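There are 2 protein chains.
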Amino acid sequence: MLYKNSLGISHEIIKKIVKEGDIVVDATAGNGNDTLFLACLVGNAGVVYSFDIQEVAILNTKKRLEEAKVYDRVKLIHDGHENVDKYINKNVKAVMFNLGYLPKGDHGKATKGKTTIKSIEKCLELLQVDGVITIVIYYGGDSGFEEKDEIFSYIKNIDSKKYAVLVHEFVNQMNCPPIAVCIEKIC
Amino acid sequence: MLYKNSLGISHEIIKKIVKEGDIVVDATAGNGNDTLFLACLVGNAGVVYSFDIQEVAILNTKKRLEEAKVYDRVKLIHDGHENVDKYINKNVKAVMFNLGYLPKGDHGKATKGKTTIKSIEKCLELLQVDGVITIVIYYGGDSGFEEKDEIFSYIKNIDSKKYAVLVHEFVNQMNCPPIAVCIEKIC
Chain A
6 MLYKNSLGIS HEIIKKIVKE GDIVVDATAG NGNDTLFLAC LVGNAGVVYS FDIQEVAILN
66 TKKRLEEAKV YDRVKLIHDG HENVDKYINK NVKAVMFNLG YLPKGDHGKA TKGKTTIKSI
126 EKCLELLQVD GVITIVIYYG GDSGFEEKDE IFSYIKNIDS KKYAVLVHEF VNQMNCPPIA
186 VCIEKIC
Chain B
6 MLYKNSLGIS HEIIKKIVKE GDIVVDATAG NGNDTLFLAC LVGNAGVVYS FDIQEVAILN
66 TKKRLEEAKV YDRVKLIHDG HENVDKYINK NVKAVMFNLG YLPKGDHGKA TKGKTTIKSI
126 EKCLELLQVD GVITIVIYYG GDSGFEEKDE IFSYIKNIDS KKYAVLVHEF VNQMNCPPIA
186 VCIEKIC
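Protein sequences, first through last, are from chains A and B. So the first sequence is numbered by the working numbering: it starts at 6 and just counts up by one. So the second sequence is numbered by the working numbering: it starts at 6 and just counts up by one.
Simulated from the structure, these hints should not be mistaken for laboratory data. Don't take every hint at face value.
All copies of an identical chain are treated as equivalent in the list; a pair is satisfied when it fits inside any one copy or across any two copies.
[Claimed, not checked] Within a straight-line C-alpha distance of at most 25 Å, the following computed PhoX-like cross-link-like pairs (lysine-lysine) qualify:
id	residue 1	residue 2
1	109	21
2	80	95
3	24	9
4	161	67
Please read these numbers as outputs of a predicted model, since none were measured by experiment.
Just chain A, with the same shape it has in the complex (with noise of 0.2 Å):
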């Protein structure tokens, strides 16, 4: 299949984009798969800055590092990504957001409209020319639908002349399938 899910749309756009020795963030670590994704792409050069509030999310995503030793690149942060301009203070080459709550997790500590928001918009301003952020849209069952509604009025209304922003949508799924979203920092 040419395109199995939005989460695969994500992974495929960061492969284009993401090369040795880049500086990257995984917004939202949670088990550690984007994070180890992104720290194998950038290789022994590259750093991966990866940010999430739950405790339990970053001893995963450590330990998953561990196993795969690629832990030296990536800088572990326990700290909500809309405070990510604390921790960066350089051009990014790409961000990826995967929203939602952590699998298995307490769906009550899913991300939110705003914070993501305040996020996505420093992350923006970090991004270099022809670099990334990825967002991974879930929404559906208890939750999401208001952060879904967010994102989509802020992504509407950001600048087309500095940014592309590509929603990617599967229209003829039942049950909410997530959306994928790709900002292009275009000059």
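With chain A fixed as given, assemble chain B onto it according to the hints.
Below, chain B alone, put in the same frame as chain A:
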């Protein structure tokens, strides 16, 4: 830039899918851009069926193909794409729709939702597994809004067990940027 526009997205999808020797369809010959693109991809052993209801489109396309020395692998058909099943009775790898009116042509002769949907329906049946239909939808100015709404109503209801329907939309651009749709036959 990663993605310039919807036409670029449709071409990127087609390039991933179409190989030498394939049988493919350009549902809207227009001035021959996509027919020429497909003719180059399928090579000597492949076949491109290319439809248009306007004679001027057929003539312009024929001229471009002859100049590029690839006319031998193209069947130009001066008929509406809703009659695709009259001309093709075998599986195809890809179908490209580039909707709207002929560039610099008569806006009144734009594609229409009813016939476009009839054609998509028939092409879904002709498609081989892992094959794709790409549709670039133009709307804005004096036309295209009704066709866009009709197509969206239709594609949302395509059987998700058999087909994945992915919509690509640039959400922060002014003036109704074209939308790229990719329908993949998954089984």
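Structure-based check of all given hints:
Taking the shortest alpha-carbon separations for residue 109 and residue 21, neither the intra-copy value of 31 Å nor the inter-copy value of 36 Å comes in at or below 25 Å. Within a single copy, residue 80 and residue 95 get their C-alpha atoms as close as 14 Å, which meets the 25 Å cut-off; across copies the closest is 55 Å, which misses it. Taking the closest pair of Cα atoms, residue 24 and residue 9 come within 25 Å of each other both inside a single copy (24 Å) and across two copies (21 Å). In the homo-oligomer, the alpha carbons of residue 161 and residue 67 never lie at most 25 Å apart, since the shortest distance is 35 Å inside one protomer and 41 Å across protomers.
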